[in-house]
Amino acid sequence: MFSGLWAILKKEVIHIRRDPATRFIFAIPLFELLLFGYAIDTDVKHVPTVVFDLNRQIESRQLVREFENTHYFRLVGEVGSDRELQDAIIGGRAKVGIKIPPDYSTNLVNGRQGQVQVIIDGSDSTIATRVLNASQQLGFIKSLERDGLSPSQFSIDIRPRLLFNPNLLSANFYVPGLIGIILQLVTVFLTAFAIVRERERGTLEQLLVTPVSKGGLIVGKLLPYTAIGFGQTVLVLLLMVFLFGVPIHGSVALLLFLSMVFLVPALGMGIVISTLARNQSEAMQMSLMTLLPAFLLSGFVFPRESMPLPIYLISFLIPATYYLEILRGIILRGAGIVALWDEALVLAAFGLFFMILSVVRFKKHLG
Amino acid sequence: MTIAIKADGIGKKFGALSAVSDVSFTIEEGEIFGFLGPNGSGKSTMIRILCGLLQPTSGRAELDGLDVVAHTEEVKRRIGYMSQRFSLYEDLTVDENIDFYGAIYGLTRAELAARRRAVAALVGLDDRLDQMAATLSGGYKQRLALACSLLHQPKILFLDEPTAGIDPVARREIWDLLFRLAAEGTTLFVTTHYMDEAERCSQVAYIYLAKLIAIGRPQDLKRLPEITPAGCAWVEVTSEDATQLLPLLRRHGDVVDATIFGEAIHALVRQSTDAASLIEFARQQGGVNVACRAVPPSLEDVFVSLTRMRRATEGR
Chain A
1 MFSGLWAILK KEVIHIRRDP ATRFIFAIPL FELLLFGYAI DTDVKHVPTV VFDLNRQIES
61 RQLVREFENT HYFRLVGEVG SDRELQDAII GGRAKVGIKI PPDYSTNLVN GRQGQVQVII
121 DGSDSTIATR VLNASQQLGF IKSLERDGLS PSQFSIDIRP RLLFNPNLLS ANFYVPGLIG
181 IILQLVTVFL TAFAIVRERE RGTLEQLLVT PVSKGGLIVG KLLPYTAIGF GQTVLVLLLM
241 VFLFGVPIHG SVALLLFLSM VFLVPALGMG IVISTLARNQ SEAMQMSLMT LLPAFLLSGF
301 VFPRESMPLP IYLISFLIPA TYYLEILRGI ILRGAGIVAL WDEALVLAAF GLFFMILSVV
361 RFKKHLG
Chain B
1001 MTIAIKADGI GKKFGALSAV SDVSFTIEEG EIFGFLGPNG SGKSTMIRIL CGLLQPTSGR
1061 AELDGLDVVA HTEEVKRRIG YMSQRFSLYE DLTVDENIDF YGAIYGLTRA ELAARRRAVA
1121 ALVGLDDRLD QMAATLSGGY KQRLALACSL LHQPKILFLD EPTAGIDPVA RREIWDLLFR
1181 LAAEGTTLFV TTHYMDEAER CSQVAYIYLA KLIAIGRPQD LKRLPEITPA GCAWVEVTSE
1241 DATQLLPLLR RHGDVVDATI FGEAIHALVR QSTDAASLIE FARQQGGVNV ACRAVPPSLE
1301 DVFVSLTRMR RATEGR
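Those sequence lines, one after another, are chains A and B. Note that our numbering has the first sequence beginning at 1, numbered continuously upward. Note that our numbering has the second sequence beginning at 1001, numbered continuously upward.
Among the clues, some could well be false.
[Unchecked claim] Using 25 Å as the maximum straight-line C-alpha spacing, the simulated SDA-like pairs for lysine to any residue come out as follows:
no.	chain 1	residue 1	chain 2	residue 2
1	B	K1155	A	L204
2	B	K1222	B	S1024
3	A	K214	B	Q1055
Hints in this document: simulated from the structure, not taken from any laboratory. This one's a predicted model, so the numbers in the text were calculated from it and none came from an experiment.
With the rest of the complex left out, here is chain B:
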């Protein structure tokens, strides 16, 4: 496998503030790399460094074997970038935006004609070419942004929260597109807040307070020993009034940790307690229709646990 992106001890400081600190990872070609973390943890900064928009204070990054700082302009020919905010021209039509970016990337007339057709069909914009970009819905704006960033057939595509604020159907469709691109060999670097999206990535990294605190395949992260300490197990407790039950459950001596997960409660419990006694406890506290079963930890459980542990070691 060829390495598409290699980050080695990347750090970025804005004055005294450390936005990214000592981040390293390796991404192989055709991977979908999910980059997660709370707002302000350094996700966008990291993307901007890899795209050559920001210079790192320390460390180095290579894209397709090229040093990002030394060969910024060559790197730019190999990457596509879709920023968090819609950043195309709203007073231009879909077609004009595509034309513009095609020309900027130096596509010939024939190349542009072919790519325009291919890309418009791929993202499903073929019947909206004459529409003003300003009048597109959020989902279609994202499709247009994606189309423009794909015109020059980049090897690596950076997507900064590509599905933020768009409806679930459009979200699904965009992810279908991303999978297709990855299958064709494009490497995708995606930031997101959605755990279901993270589950679909071949590798995920979690950044917290500028530092990378977890990285690996989703299934490997769930098996991390610090997520499920020895003698403990993850259970899912369902009840009609899960939110009322949560604080009560947390008081149970054998419950190490509990959080709401959808309509259920995910709890880390000591194995000294079994499902039956937990259900009995919940019923005594007033729980209705209580059920309990063993589950693997979700990615959210993983990140929440890691964040808490990190907070504890940072002395907070």
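Just chain A, same shape as in the assembly:
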């Protein structure tokens, strides 16, 4: 059943050691982690803002300062006309324009409503929504203050409490998910290539006339890449904790164990691809096809709850979906196996499915 496993494993380790591409094995997850960890930042802060102040009184200047104090707005300049304000937004210099009319302070002093126009670039909906809320909230609080009311005097006091990620840092959300994406990326690609490369170079033909067993060939090829995938998981976890300061709230042992459970279907997909692809470029395309759904539909970037129903249903067919639940569950919410056993079970089922499929698909003869 597994004859030849040890020989294949040893040979594969030599290949990996000698392959110049191996140098990048740990560089790739590192690079992606830094890229996604730092670049995907949905925390809206310091949005570039221009001010068109026609009032030029203490009141208007104070208002601008208060806009700045929310940290949502960063003043990048003043403009002298509607036209200039428009140009600043169209040109991308600012995303927000605050226009204070000449009668702003007079109206306030005389007990009338002081109007301020906030012009927002709506092309990035996340930023626009945040800025919209922040400016409305500012107006609301300022009005109450002027009327001598403080929030403690409200008749209803809603006190939201944010669990697990109190500062709403997006790194806390993305970096754990990224572990799943990186792990799938590396394992699927590496294993898909491992067999296709032999097919392409003709070495598989030589191997197939030997009594090596299917199981020995497949498992012998998988094990070294499992070890690499595992090493990468540990590396990314360490960086997550020490570089991004995202603590692991749950059990590290459970996290590592369930990561191994996820490696089985990921490696299995790679092997299935290698039995389908005739050459490395086909293997590349097929691997990308598994990666994109994992990237877009697993909940890594977009919340699954807000997906249209058919897409939401498809997301159940992606192993990464479950692994991301596990990662976020353990790392962010400190979830234990009691809460995650069903995800773990589904992953194990996926793993079994892909392994059986690969052994069935892999034939010890050509054509």
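Chain A is already provided as a structure; the job is to place chain B on it using the hints.
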């Protein structure tokens, strides 16, 4: 004599294309069986079927008394295979390649040590064990491939164009090796394009357009009546400008067939013409230093004639 390989009506179709059609032969133990034919005629397909790499569409094959399809894995322990392309690992050293194949064939540490020494000495790789396979020359790559396919002491060895693209000295050395293996009782199944190699085989088969059109010992094939029809004989005409002479000679009424063979012309002529009149004809056409003598047909003459006849009957 024991039968090493027996093919019985082997056919293989890839979709509508027939790669091998109704091929039968019997090879005895210790024979060197030469399998010849133009490119794409089905030689590699046949080898792959016998090795269990491809399943035949029809017919059956037995190796060492075992059915190839039913007992593929047992058959694989008894055979060695050297494919057309170098198919070992270029990023492994000679020694590592040998190690790997030894382990794959399940040799114990002691067996492997003994076999490694024996095989490396046999193929002359003992002083290159630490060299990367990628840096070996073509001839040495073939020796390494041969070494790896001999580790488990196969009873039958398949060699798909083992000498393609290597220099004449290396070619000679590889054939010396093959003879030694055959003398020790290994059965060799060799495909080749070289007629001198075919001449060295104990039995040759010629496959053309998926069908076997000739099989037998080289000397028997040369005596086939269809190669030398009644009233005809093979002659060798030498001349300083043989290539110019060839088309002129073909116009001679008594010349049935003529081809260039090295620097001479091999011609099948009616016995109504004798050597003297042929020389006279060649001289009149401008031939310089013309000589003519009777020769037996070469294997090439045999295969070329058979191919032409087959083409004629196929209506081409």
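Outcome of the hint check:
no.: 1; hint: B:K1155 to A:L204; verdict: holds, 22 Å
no.: 2; hint: B:K1222 to B:S1024; verdict: holds, 21 Å
no.: 3; hint: A:K214 to B:Q1055; verdict: holds, 17 Å
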